[in-house]
Amino acid sequence: MKKLMSMIVAILAVVAGLALWSANLKKTQGATGGNTLNFANWGDYIDPALIKKFEKQTGYHVNQETFDSNEAMYTKIQQGGTSYDLTVPSEYMVEKMIKANMLIPLDKSRLTGLKNFGSLYMNRSFDPGNKYSLPYFWGTLGIIYNDQYVKRSEVEHWDDLWNKKWRGDIMLIDSARDILGFSLVSMGKSMNTTNPTTLQLAKTKLDALSPNVKAVVADEIKMYMAEGEAPLAVDWSGEAADMMWDNSHLHYVVPTEGSNLWFDNFVIPKTAKHLKAVYAFLNFMNDPKNAAQNADYVGYSTPNDAALRRLPKKVQNDKQFYPDQDVIRRSEVYKDLAPKTVGLYNDLFLEFKMFRK
Amino acid sequence: MKKSTTNAAFYVPYGLWLALFVVAPVLLIIYQSFFDISGHFTLSNYATYFQSGTYILMTINSVVYAFIITAVTLLISYPTAYLLHYAKHKQLWLLLIILPTWINLLLKAYAFIGIFSQDGGVNGFLAMFGIAPKQFLFTDFSFILVASYIEIPFMILPIFNGIEELDQGYVNASRDLGAKGWQTFTRVILPLTMSGVKAGVQAVFIPSLSLFMLTRLIGGNRVITLGTAIEEHFLVTMNWGMGSTIGVVLIIAMFLIMFLTGERKRKGGRA
Numbered sequence: 001m002k003k004l005m006s007m008i009v010a011i012l013a014v015v016a017g018l019a020l021w022s023a024n025l026k027k028t029q030g031a032t033g034g035n036t037l038n039f040a041n042w043g044d045y046i047d048p049a050l051i052k053k054f055e056k057q058t059g060y061h062v063n064q065e066t067f068d069s070n071e072a073m074y075t076k077i078q079q080g081g082t083s084y085d086l087t088v089p090s091e092y093m094v095e096k097m098i099k100a101n102m103l104i105p106l107d108k109s110r111l112t113g114l115k116n117f118g119s120l121y122m123n124r125s126f127d128p129g130n131k132y133s134l135p136y137f138w139g140t141l142g143i144i145y146n147d148q149y150v151k152r153s154e155v156e157h158w159d160d161l162w163n164k165k166w167r168g169d170i171m172l173i174d175s176a177r178d179i180l181g182f183s184l185v186s187m188g189k190s191m192n193t194t195n196p197t198t199l200q201l202a203k204t205k206l207d208a209l210s211p212n213v214k215a216v217v218a219d220e221i222k223m224y225m226a227e228g229e230a231p232l233a234v235d236w237s238g239e240a241a242d243m244m245w246d247n248s249h250l251h252y253v254v255p256t257e258g259s260n261l262w263f264d265n266f267v268i269p270k271t272a273k274h275l276k277a278v279y280a281f282l283n284f285m286n287d288p289k290n291a292a293q294n295a296d297y298v299g300y301s302t303p304n305d306a307a308l309r310r311l312p313k314k315v316q317n318d319k320q321f322y323p324d325q326d327v328i329r330r331s332e333v334y335k336d337l338a339p340k341t342v343g344l345y346n347d348l349f350l351e352f353k354m355f356r357k
Numbered sequence: 001m002k003k004s005t006t007n008a009a010f011y012v013p014y015g016l017w018l019a020l021f022v023v024a025p026v027l028l029i030i031y032q033s034f035f036d037i038s039g040h041f042t043l044s045n046y047a048t049y050f051q052s053g054t055y056i057l058m059t060i061n062s063v064v065y066a067f068i069i070t071a072v073t074l075l076i077s078y079p080t081a082y083l084l085h086y087a088k089h090k091q092l093w094l095l096l097i098i099l100p101t102w103i104n105l106l107l108k109a110y111a112f113i114g115i116f117s118q119d120g121g122v123n124g125f126l127a128m129f130g131i132a133p134k135q136f137l138f139t140d141f142s143f144i145l146v147a148s149y150i151e152i153p154f155m156i157l158p159i160f161n162g163i164e165e166l167d168q169g170y171v172n173a174s175r176d177l178g179a180k181g182w183q184t185f186t187r188v189i190l191p192l193t194m195s196g197v198k199a200g201v202q203a204v205f206i207p208s209l210s211l212f213m214l215t216r217l218i219g220g221n222r223v224i225t226l227g228t229a230i231e232e233h234f235l236v237t238m239n240w241g242m243g244s245t246i247g248v249v250l251i252i253a254m255f256l257i258m259f260l261t262g263e264r265k266r267k268g269g270r271a
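Here the protein sequences come in this chain order: A and B.
The first sequence runs 1 to 357 under this note's numbering.
The second sequence runs 1 to 271 under this note's numbering.
For the record, the hints were derived by calculation from the structure and aren't laboratory data.
Please note that a few of the clues may not be correct.
Said to hold, decoys possible - Residues on chain A that point at chain B, a partial pick, calculated with CB under 10 Å:
1. TRP21
2. LYS214
3. PRO339
As the list claims (entries may be wrong) - FRET-style restraints, in silico, Cβ to Cβ:
4. ALA71(B) to ARG356(A): 20 to 28 Å
5. PRO211(A) to GLY114(B): 25 to 33 Å
6. ASP326(A) to LEU256(B): 58 to 66 Å
7. ASP44(A) to LEU166(B): 50 to 58 Å
8. ILE251(B) to GLY80(A): 25 to 33 Å
9. GLU55(A) to ALA71(B): 52 to 60 Å
10. VAL26(B) to SER153(A): 33 to 41 Å
11. ALA49(A) to GLY114(B): 30 to 38 Å
12. LEU166(B) to PRO211(A): 46 to 54 Å
13. TRP102(B) to THR112(A): 53 to 61 Å
Backbone N, C-alpha and C define an ideal beta-carbon position, used for all residues, glycine too.
Build the full structure now, drawing on both the sequences and the hints.
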């Protein structure tokens with residue numbers, strides 16, 4: 001009996017100890033010292049050599065944590081328990097975080113190198129005047145094709161995807177807004193449509209695409225395309241860059257009707273405690289030399305024009321990742337939609353996935 | 001008196017575990033399911049579930065797939081378990097069957113991607129006979145095959161235990177009394193091992209209702225089950241209420257299956 005009691009006490013003690021430890025961990029996620037920077041970033045989204053260089057130059061210690069979706073990062077910050085100083089949400093999430101009063105405005109007087117940014121990438125609708133955010137990388141949504149099976153001229157428009165020739169040939173990225181979005185664009189509608197009837201029409205049009213769709217997958221799409229599993233895919237330019245790195249037969253097109261223009265941006269959440277380190281880091285990353293090195297490593301399109309000019313001519317003139325200005329102008333940035341509309345997008349997307357001719 | 005309190009105390013750790021990690025999460029899920037996306041108390045999630053054709057269709061899909069997976073695993077597992085019973089190095093064979101369950105599900109799924117892909121093993125084999133590359137990934141066939149492969153050990157083990165418990169004397173007696181092989185099987189062996197079959201069906205059918213990882217990796221989201229919808233509601237829409245509602249429906253389905261396949265309480269125990 002005594003033994004048993006002590007066992008129960010031991011279990012409870014372990015539980016209490018774990019709870020205390022985890023609370024402690026949450027409080028100090030990363031070191032608490034004054035010279036740290038707690039940076040929440042997407043996985044493999046910064047050149048590690050740059051972090052080393054920054055630490056060496058400034059003496060700050062960068063404590064990087066990764067997330068794999070905007071929503072996961074949002075929930076984590078909103079529920080408390082984190083002490084991130086800097087994070088990198090996409091544009092619609094920036095808007096959502098501003099609305100939720102979760103961000104600290106940028107103090108422009110402490111920032112250098114703002115003039116390096118191209119005017120096309122600043123002052124966008126999700127954060128007018130860049131009060132809260134600085135663009136980190138940007139890109140588009142488009143079509144990836146394998147030149148062994150597909151000619152470029154066959155996929156210049158979104159409507160080309162509906163061609164009967166591509167039976168079971170297309171892979172789609174598993175993202176409700178992007179897939180319904182290109183269906184909307186192909187109908188000449190906005191990617192930010194909230195009208196349920198229009199959305200229903202876009203979904204009906206997608207149903208007609210169903211026989212051509214081989215699969216709707218997430219990150220694995222990169223591996224599948226690189227291995228030549230499918231000749232066509234719809235995905236973001238950043239992911240396309242990764243695929244093309246692995247398979248030289250792949251190419252990326254932004255259809256002429258326009259597309260989505262996305263931005264990943266630096267923002268300072270309200271949980272930030274090391275503002276000095278944050279500004280030192282932002283200024284370090286704004287430096288054209290560092291930004292160029294980072295763009296070279298990550299392979300995404302940089303909004304830092306001064307950095308772009310430092311990249312090889314081949315990259316600068318690559319229309320796949322730095323499309324003509326009028327293509328950018330024709331493309332739309334996602335707005336943060338009301339939860340109900342987001343729900344509708346996702347329900348329609350689920351219905352599309354379930355649709356079998 | 002002292003003895004009985006000691007016995008009761010032995011249940012405390014187990015009770016604590018149940019309360020903290022089984023009952024509490026279930027209650028939380030039920031609680032969550034009564035809130036809509038803006039945090040108001042409502043029953044609308046359940047109304048949506050049962051009124052929208054989408055979720056009903058998804059439920060039917062899930063049940064049909066889970067049924068096929070269970071049937072396939074049962075058809076393979078029963079003879080396997082039966083042969084295993086008479087095999088020579090029983091423990092070794094059993095270990096070989098259990099071994100794959102020690103490998104992470106994700107790794108096994110990726111291995112199958114390699115096997116089924118356009119230039120994977122299966123297509124390489126078919127190419128020797130000049131049958132052009134066939135599409136295996138993202139089909140019902142590959143989804144059911146991989147899901148069955150993963151669930152088979154969970155079906156074999158309970159059936160094997162059931163057969164092990166079977167007294168060989170019954171089988172001999174039935175033969176002595178003139179029953180043919182098939183009759184012995186249907187009249188004696190099968191009824192006496194039914195509890196193992198039921199345990200196996202429970203262990204396979206319920207997880208198969210919500211295999212969301214495989215539906216995406218192997219099924220390419222061309223196969224949609226309730227698990228897909230739950231994942232979407234928690235990770236994308238942030239509509240935890242609707243996600244929880246589907247969870248509650250799955251839990252109820254689980255109890256139904258347990259009830260239907262469970263042992264009816266009868267005095268005198270089994271048989």
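Consistency of the hints with the structure:
1. TRP21: violated, 17 Å
2. LYS214: This hint holds: LYS214(A) lies near chain B, its Cβ roughly 6 Å from the closest one there, short of 10 Å.
3. PRO339: This interface hint holds because 5 Å falls under the 10 Å limit.
4. ALA71(B) to ARG356(A): 20 to 28 Å: Between ALA71(B) and ARG356(A), where Cβ atoms are some 22 Å apart, the hint holds.
5. PRO211(A) to GLY114(B): 25 to 33 Å: holds, 27 Å
6. ASP326(A) to LEU256(B): 58 to 66 Å: Taking Cβ atoms as reference, ASP326(A) and LEU256(B) lie about 59 Å apart, which means the hint holds.
7. ASP44(A) to LEU166(B): 50 to 58 Å: holds, 56 Å
8. ILE251(B) to GLY80(A): 25 to 33 Å: holds, 29 Å
9. GLU55(A) to ALA71(B): 52 to 60 Å: holds, 59 Å
10. VAL26(B) to SER153(A): 33 to 41 Å: About 57 Å separates the Cβ atoms of VAL26(B) and SER153(A), which means 33 to 41 Å is violated.
11. ALA49(A) to GLY114(B): 30 to 38 Å: holds, 33 Å
12. LEU166(B) to PRO211(A): 46 to 54 Å: Since the Cβ atoms of LEU166(B) and PRO211(A) sit about 51 Å apart, the hinted range of 46 to 54 Å holds.
13. TRP102(B) to THR112(A): 53 to 61 Å: holds, 55 Å
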